[in-house]
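J.: Okay, here's what each chain looks like letter by letter:
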Amino acid sequence: GNSVTQMEGPVTLSEEAFLTINCTYTATGYPSLFWYVQYPGEGLQLLLKATKADDKGSNKGFEATYRKETTSFHLEKGSVQVSDSAVYFCALSQRNAGGTSYGKLTFGQGTILTVHP
Amino acid sequence: GAVVSQHPSRVICKSGTSVKIECRSLDFQATTMFWYRQFPKQSLMLMATSNEGSKATYEQGVEKDKFLINHASLTLSTLTVTSAHPEDSSFYICSGSLYNEQFFGPGTRLTVL
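Just so you know, the sequences run in chain order E and B. Each residue of the first sequence is one higher than the one before, counting from 1 in this note's numbering. Each residue of the second sequence is one higher than the one before, counting from 1 in this note's numbering.
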């Protein structure tokens, strides 16, 4: 079956530090890969996604590249801010039989990020 | 972006009672909605997939008679936890699917005493 493994947290950084959160996956076929962010007291929000090998998803200064050879989708940001403090989830999904929509999501365990001023 | 709401945000109930949680897509029609459970410091676990007008599809190990799901319209799905027990205490999250993306509600914290 499908699975997603994230680096364990919590991760604590100072403002403007470089961030990497590792994510590796196991899946059959060619899944789509996602990073979701959950700010305190809020629901999950899609941060970025990549649908095929070598695609790079990016948003709000965050980036992740779909690496099929290493089955990885590591999240990076060059300079974090206090407002980036949240829980980050890596996830994958596979298209349904018709290939027209994403199926159910499989999540990693989440990584808590705390950024100090 | 598309907005999903959940009600209530928090609920405390006595053991043996039933609790209903509503999930609404506010500005889009969600043919498919998903229900997740999130334990403290753990990932989201998919409980069931809910399709409008049909029976929900439950994941392995999820008791369909305990977690009743109704998706009566394109904007509303409900999860009823029947005869709740303390081990059912958790954070329940729903999502609605639109254009190949899932939009998540803010979650409902259930505490069973």
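Hints may contain errors.
As the list claims (entries may be wrong) - No more than 30 angstroms apart at the CA atoms, straight line, and that leaves these computed lysine-lysine pairs for DSS-like:
1) B/14 <-> B/66
2) B/41 <-> E/77
3) E/56 <-> B/66
4) E/68 <-> B/66
Just so you know, these hints were derived from the structure itself, not from any lab.
J.: Indicate, hint by hint, whether the structure satisfies it.
T.: A quick look at each hint next to the structure:
no.: 1; hint: B/14 <-> B/66; in the structure: holds, 16 angstroms
no.: 2; hint: B/41 <-> E/77; in the structure: holds, 23 angstroms
no.: 3; hint: E/56 <-> B/66; in the structure: violated, 42 angstroms
no.: 4; hint: E/68 <-> B/66; in the structure: violated, 40 angstroms
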